[in-house]
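Undergrad: What follows is the residue order along each chain.
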Amino acid sequence: MATDTSLPVLSPNDFASDQDVRWCPGCGDYSILAQMKKVLPTLGVPREKTVFVSGIGCSSRFPYYMNTYGIHSIHGRAPAVATGLKSSRPDLSVWVITGDGDGLSIGGNHLMHAIRRNLDINIVLFNNRIYGLTKGQYSPTSPLGKVTKSTPMGAIDNPLHPLSIAIGCEGTFVARSIDTNIKHLGMVLKRAAEHRGTSFIEVYQNCNVFNDGAFDYATDRETKADTTIELEHGKPLIFGKNRDKGIRLNGLNPEIVPLGKGVSEDDLLFHDERAPEPSLAYLLSRMSHPEFPEPIGVFRAVDKPMYDQLLNSQIAEARKARGEGDLQKLFTSGDTWRVE
Amino acid sequence: MATSTGETVEVSRRVGKAVRELVAATVRFCGDSGDGMQLAGTQFTNTSALAGNDIATFPDFPAEIRAPRGTKAGVSGFQIHFASKEIFTPGDQVDSLVAMNPAALITNLADLVHGGILIINKDAFDDKGIKQAGYTENPLEDGSLGAYQLFPVEVTRLTRLAVEELGLGQKESDRCRNFYAMGLVFWLYDRSLEPTLRYIEAKFGKRPEIAEANRRALRAGYNYGDTTEAFASQYRVPRANLPPGLYRNVMGNEATAWGLIAAAKRSNCELFLGSYPITPASDILHELARHKNFGVRTFQAEDEIAAITSAIGAAFGGAMAITTSSGPGIALKQEGMGLAVMTELPLLIINVQRGGPSTGLPTKTEQADLLQAMCGRNGECPIPVIAARSPADCFDVAQEAWRIATRYMTPVIMLTDGYIANGSEPWRVPDASSLEPIEVKHPGPPENGTPFMPYARDERLSRPWAIPGTPGLMHRIGGLEKQDITGNVNYEPANHQHMVNLRAKKVADIAKDIPLQTVSGPERGKLLVLSWGGTYGACATAVRDVQDLGLSVAHAHLRYLNPFPANLGELLKRYEKVLVPELNRGQLRLLVRAEFLVDAIGLNKVQGKPFSVFEIVDKIHELLE
Numbered sequence: 001m002a003t004d005t006s007l008p009v010l011s012p013n014d015f016a017s018d019q020d021v022r023w024c025p026g027c028g029d030y031s032i033l034a035q036m037k038k039v040l041p042t043l044g045v046p047r048e049k050t051v052f053v054s055g056i057g058c059s060s061r062f063p064y065y066m067n068t069y070g071i072h073s074i075h076g077r078a079p080a081v082a083t084g085l086k087s088s089r090p091d092l093s094v095w096v097i098t099g100d101g102d103g104l105s106i107g108g109n110h111l112m113h114a115i116r117r118n119l120d121i122n123i124v125l126f127n128n129r130i131y132g133l134t135k136g137q138y139s140p141t142s143p144l145g146k147v148t149k150s151t152p153m154g155a156i157d158n159p160l161h162p163l164s165i166a167i168g169c170e171g172t173f174v175a176r177s178i179d180t181n182i183k184h185l186g187m188v189l190k191r192a193a194e195h196r197g198t199s200f201i202e203v204y205q206n207c208n209v210f211n212d213g214a215f216d217y218a219t220d221r222e223t224k225a226d227t228t229i230e231l232e233h234g235k236p237l238i239f240g241k242n243r244d245k246g247i248r249l250n251g252l253n254p255e256i257v258p259l260g261k262g263v264s265e266d267d268l269l270f271h272d273e274r275a276p277e278p279s280l281a282y283l284l285s286r287m288s289h290p291e292f293p294e295p296i297g298v299f300r301a302v303d304k305p306m307y308d309q310l311l312n313s314q315i316a317e318a319r320k321a322r323g324e325g326d327l328q329k330l331f332t333s334g335d336t337w338r339v340e
Numbered sequence: 001m002a003t004s005t006g007e008t009v010e011v012s013r014r015v016g017k018a019v020r021e022l023v024a025a026t027v028r029f030c031g032d033s034g035d036g037m038q039l040a041g042t043q044f045t046n047t048s049a050l051a052g053n054d055i056a057t058f059p060d061f062p063a064e065i066r067a068p069r070g071t072k073a074g075v076s077g078f079q080i081h082f083a084s085k086e087i088f089t090p091g092d093q094v095d096s097l098v099a100m101n102p103a104a105l106i107t108n109l110a111d112l113v114h115g116g117i118l119i120i121n122k123d124a125f126d127d128k129g130i131k132q133a134g135y136t137e138n139p140l141e142d143g144s145l146g147a148y149q150l151f152p153v154e155v156t157r158l159t160r161l162a163v164e165e166l167g168l169g170q171k172e173s174d175r176c177r178n179f180y181a182m183g184l185v186f187w188l189y190d191r192s193l194e195p196t197l198r199y200i201e202a203k204f205g206k207r208p209e210i211a212e213a214n215r216r217a218l219r220a221g222y223n224y225g226d227t228t229e230a231f232a233s234q235y236r237v238p239r240a241n242l243p244p245g246l247y248r249n250v251m252g253n254e255a256t257a258w259g260l261i262a263a264a265k266r267s268n269c270e271l272f273l274g275s276y277p278i279t280p281a282s283d284i285l286h287e288l289a290r291h292k293n294f295g296v297r298t299f300q301a302e303d304e305i306a307a308i309t310s311a312i313g314a315a316f317g318g319a320m321a322i323t324t325s326s327g328p329g330i331a332l333k334q335e336g337m338g339l340a341v342m343t344e345l346p347l348l349i350i351n352v353q354r355g356g357p358s359t360g361l362p363t364k365t366e367q368a369d370l371l372q373a374m375c376g377r378n379g380e381c382p383i384p385v386i387a388a389r390s391p392a393d394c395f396d397v398a399q400e401a402w403r404i405a406t407r408y409m410t411p412v413i414m415l416t417d418g419y420i421a422n423g424s425e426p427w428r429v430p431d432a433s434s435l436e437p438i439e440v441k442h443p444g445p446p447e448n449g450t451p452f453m454p455y456a457r458d459e460r461l462s463r464p465w466a467i468p469g470t471p472g473l474m475h476r477i478g479g480l481e482k483q484d485i486t487g488n489v490n491y492e493p494a495n496h497q498h499m500v501n502l503r504a505k506k507v508a509d510i511a512k513d514i515p516l517q518t519v520s521g522p523e524r525g526k527l528l529v530l531s532w533g534g535t536y537g538a539c540a541t542a543v544r545d546v547q548d549l550g551l552s553v554a555h556a557h558l559r560y561l562n563p564f565p566a567n568l569g570e571l572l573k574r575y576e577k578v579l580v581p582e583l584n585r586g587q588l589r590l591l592v593r594a595e596f597l598v599d600a601i602g603l604n605k606v607q608g609k610p611f612s613v614f615e616i617v618d619k620i621h622e623l624l625e
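If you read the protein sequences in the order shown, they are chains A and B.
For the first sequence, position 45 (counting from the first letter as 1) is numbered 45 according to our numbering, and the numbering increases by one without interruption.
For the second sequence, position 388 (counting from the first letter as 1) is numbered 388 according to our numbering, and the numbering increases by one without interruption.
Where hints are given, some of them may not hold.
[Said to hold, decoys possible] If we take Cβ atoms under 7 Å as the criterion, some of the chain B residues that face chain A in the derived model are:
1. Gly274
2. Pro277
3. Ile278
4. Thr279
5. Ala306
6. Ala311
7. Ala319
8. Leu461
9. Pro464
10. Pro468
[As the list claims (entries may be wrong)] Calculated pairs, DSBU-like style, for lysine-lysine (alpha carbon to alpha carbon, straight line, at most 35 Å):
11. B/Lys505 with A/Lys49
12. B/Lys441 with A/Lys37
13. B/Lys128 with B/Lys85
14. A/Lys49 with B/Lys441
15. B/Lys206 with A/Lys329
16. B/Lys85 with A/Lys329
[To be verified] Computed footprint of chain B on chain A, listed as stretches where at least three residues anywhere in the stretch have a Cβ under 8 Å from a Cβ of chain B:
17. 34 to 48
18. 60 to 67
19. 87 to 99
20. 317 to 329
Derived from the structure by calculation, the hints contain no laboratory data.
Only a predicted model underlies this, so the values are computations on that prediction, with no experimental measurement involved.
We put the CB at the ideal spot given by N, CA and C, even for glycine.
Given these sequences and hints, build the entire structure.
TA: This is the structure:
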C-alpha cells in the first residue's frame, strides 16, 4: 500500500459522499460503512487513489456513499471489474464490496478466480444469509430448513462456508468479523488493507428486515463469549465468559476442552495465520455454531506472488528485452516483398 | 468468375515440359486434420504472395481437433486463389485439388472444375479407407473420375523412400507427406522452394533430423513432378499489378490485433484485452499476448462475462479496453455491454462471427450476429456497429472502432467473421509515422473547487472520461439510470425518457462523423447490390463480372451498420431493385426495410460457407430478367 506523508490529514467525514444513505434503518451495513470511513484515513492513501467496486445487492450500494472513485457494476461481476482495473492501474487501492448472493451465487466464479489470482485488492463480503434487495429469498449461506418466500417448506440446499471457499481458492488473506463488533471490524479492515495480495473478509451482517437476528448468537452480550472465539496469531484458542474453555486437536478434528483439570494452555491448538499450508485455516473455517464457537479475526495471512505485479513485470521485462514496441517493425516482421 | 481460364501461353522450357501462363489459379489441399493441410496451404500462400501474386485464402477445418482418421468428419482443407490480376475471393471452384485420402476426395471433389487437376495419395485408397469414406468401389478404378486430369501418386511410399536414410520411425516419416505434396504442387505452379526451406529451418532447426526429412520430402515431391512423365506441363501465374509499396501477407485476426495495437499507439493509451478462448477469435488473444513490449496487457479471464467486465474496469481506469469473442460468447457479454452503455465508457467488443445458434458451427463462417449486435441487450441500448470486409480491412476497422469509442464515450461493436479472420491477403504495409493521432482527453483536477459533473456533455453529447487518480474528480458510476449532468442515481420518469433519448441521439449523430456511402458502378439504375462484412469479395467480384457484360448494376458495401451513413436511404431509392446477399436469413435486409421502407430482396445462404461468386451473379441475372 502506497503512503504519502505530504497528504493533509483526512477524517472519516472526508470519505463521505454527498449522497443520502438509503439502507433500511437499523441495517448492519451502516456500521460497516462507518468503520470503513474510520479506517481509510489511517491508510495514507489519497481519496482519488481509492476505488470501490461492487455488484448488485444491498451491500453493493456502498460505493455511492464513499467520496472516492467507484463503480456499482452488475450482479456478481465486481471481482472481474476490479481485476481489469487493478491489472491496468496497479497504483490504485481497489476495494470490492459484495454480499452472500452477489459473491457466492451469481458471482461465485469471479470470486473464486479473483482470490486465486491474488491481485492486490480487498474483498469485503457482507454475509446476512438472505437476499435483502429482492425482499427475502434464501441465499447460498442460509441454513438448511430456512423458511423464506422462495422456500416456504424450508431450504433444502447445503449452505456454503464463505471462508472455506476462500481458503480452497488459495486465498492469501482470509478473515472474519461482525458488524456490531466495531473495534474488531476496524482492526480486520485495516489489516486487510495492509495485506499485499487479495484480502477476503467475511462480515456477519444483520438484515433487520428479512433475516433479523441471524447472528444473535454471535453478537448477544450474554452468549458471544461462548459462541465466538477471537483468533490471535501465536496464541492458544481460548474462549468462554471466564476464558476457561479451549480448542484442542484430536487427530484431525477440533474438540472443546475445559481448561484446568489436567488440560493446560499448552495442550490447546495454537493459531498460526502464517502457516504455509492452509489446513489449519480450513479447519477453523469449518467450526460452526452451535457445535463450536465461531472464530473471528485473521484465519490466514501469507505472502504469495500477485497477479497484477506479475503481469506488469512481464510488460517491463518485454520492454527491456525487446525495446518499446515499434509499429513499423511489427508490420514488417516476417516475409515482405516490394512492388515497384 | 474466378476460375483459371485465362489465356494460356506455351513456353518451352525443358525437354518435354511446357509452362502455361495463367491469369489466376485456385488450389486446394485437403486431407485428414492431422495431415498438415493448413501448413501446406499457408506455405503455398506465402510463397505465392512473395512471388507477387494477389491472393485470397480460405482455410476450412473441422471443429474436432482430431476426428477419427480417415472419416469425412476429420477432413481439413485449405484453398488458395492466386492471380496476376486483382482478386477478392478464394475462388468458387478449384483448378487443382490435392486429396490425401478417400474421405478428402469424396467431400471436396464437387468443387473441382471439370478438366481440373486431381492429385491423389494413392496409398490411402485401401479397402478400409475407401469404405470409411463411404465409397462402395475404389474411385481410382471405377472410371468415376474420368472428367478430371487424374494423377494418382504413391505419396506415402515415396515419402518414406525419400526419408529412409534418416532412420525415422514410420509415424515420423509419414508426417512429412504434406511436404511431399507441397513439393509436387510447387513444381506444378513453378514456385520457388526457398521460402518453405527457410520455414523448415526456422521451425525445425532444433530437430535437425526432422528438418532434413521435411526438406527431402519437399524436394522429392518437386522432383517427382519435374522428372516423371506423369505431368506434361507446368503452370505459371505472373506477378499481379498491385499499387507500388512494401507488401506482406496478413490474416484477418492478425490484422485486427495489429490495428488494435496501432490504435493504442495513436491514442497514447495502454491496451487491455479481457478475453476468453473461443473459436475463431482466439488468435486475436494469442497475437496480442505476444506484444507486451507495446504495453499490451492481455487477461485470459475465467469466462466471457469476466472478459468484458474486466475490460470495463480497465476502461474506467483509462485503458484502451477490448474484449474479443464469437457469437456464443458475445451473447454472454450482453449485460456487460449494457453496463458500458450506461456508464458511457469507451470499449471495443469484437465479434468474430461463426455459425449459430448456440454452439452451432464453431469453425464455419456466418453473418448471423448482426441483429445480436444491434438489438441484443435489455432496454433501449444503442451501440455503434462497424464491420470489416476483408482480412486486411480488419486493420483499419479496428482503429476506426477505437476512434468512435473515444470520441463518443461509447462501447463499439466490431464484426468480423471466421472467413476473413482466418483468410489472408496481401497487405500494403502502411507507414507507421503517417498514422494520425487519435485524441483522447482525461480532465485534470478542477479549478476553484467547482464540483465535478461526470454526466455533463460536450458538443458531441459525450461525457468526460475522468479517471481514478485525478484529485477532485471522485465520482461513482454504475448500471442504475443516471441523472443528466450530475450522474447521480435517478429514477424520475422525465429524466429516464431524456436519458434514453440522449443515448440514442449520441449514437445516431455519429452519422455526421463518418464518410457518406459510395457505390461502385452507376449512380442510379436498375439494380444495387448492398453488402456488408465478409461477403464483400464475392459481391464485388460478381458485380464487376456483370458490369463487364454491360449490365447496369452497382455495388455498395457498408462498413458502418449503426448508424448507417447519412445518405444511405436516399441512395437506396435511386435503384429500381436492391439485392442484399447475406450469410444469414436477411438481417441487414430487415434493418434497411425498417429504416428506409425499401423493398430490398435477399439472397441468403446459411451453410457455414462463404458465397460463391456465381451464386450472386445468377441472382443478379434473375433480377434483371
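Undergrad: Compare the structure with each hint and give your call.
TA: A quick look at each hint next to the structure:
1. Of the supplied interface hints, the one on B/Gly274 holds, with its beta-carbon coming within about 6 Å of a beta-carbon of chain A, less than 7 Å.
2. The beta carbon of B/Pro277 comes no nearer than 15 Å to any beta carbon in chain A, farther than 7 Å, and the hint placing it at the interface is violated.
3. Proximity of B/Ile278 to chain A is violated relative to the hint, the smallest CB-CB distance being about 16 Å (cut-off 7 Å).
4. For the restraint placing B/Thr279 at the interface with chain A, the shortest Cβ-Cβ distance is roughly 21 Å, beyond the 7 Å limit, so the hint is violated.
5. Look at B/Ala306: its Cβ gets to within about 4 Å of chain A, closer than 7 Å, so that hint holds up.
6. Interface hint status for B/Ala311: upheld, as the beta-carbon distance to the closest one in chain A is roughly 6 Å, under 7 Å.
7. A distance limit of 7 Å between C-beta atoms decides the matter here; for B/Ala319 the minimum to chain A is near 4 Å, and the interface restraint holds.
8. At a threshold of 7 Å, the smallest CB-CB gap from B/Leu461 to chain A is about 22 Å, leaving the interface hint violated.
9. Annotation: B/Pro464 was flagged as interfacial toward chain A, and the flag is violated, the nearest CB pair being 13 Å apart, outside 7 Å.
10. Interface restraint check: B/Pro468 against chain A, minimum CB-CB distance 4 Å, threshold 7 Å, status holds.
11. Simply put, B/Lys505 and A/Lys49 have alpha-carbon atoms about 34 Å apart, close enough for the 35 Å limit, and the pair holds.
12. As the CA atoms of B/Lys441 and A/Lys37 are separated by approximately 32 Å, the hinted pair is consistent with the 35 Å bound.
13. Our distance criterion of 35 Å between C-alpha atoms is broken by B/Lys128 and B/Lys85, whose separation comes to about 44 Å.
14. Restraint check for A/Lys49 and B/Lys441: the C-alpha separation of about 19 Å stays at or below 35 Å, so the hint holds.
15. In summary, the hint linking B/Lys206 to A/Lys329 is supported, as the alpha carbons are separated by about 26 Å, within the 35 Å threshold.
16. Restraint check for B/Lys85 and A/Lys329: satisfied, since their Cα atoms lie roughly 29 Å apart, inside the 35 Å limit.
17. Counting residues of the region 34 to 48 of chain A whose C-beta sits closer than 8 Å to any C-beta of chain B gives 3, which meets the bar of three, so the coverage hint holds.
18. Coverage of the region 60 to 67 of chain A by chain B holds. Counting CB-CB distances below 8 Å, 4 residues qualify, and the rule asks for three or more.
19. Residues of the region 87 to 99 of chain A lying with their CB closer than 8 Å to a CB of chain B number 5, which satisfies the three-residue condition for coverage.
20. Coverage of the region 317 to 329 of chain A by chain B holds [criterion: at least 3 residues with CB-CB distance below 8 Å; count 11].
Going through the hint list in order, the structure does not satisfy hints 2, 3, 4, 8, 9 and 13.
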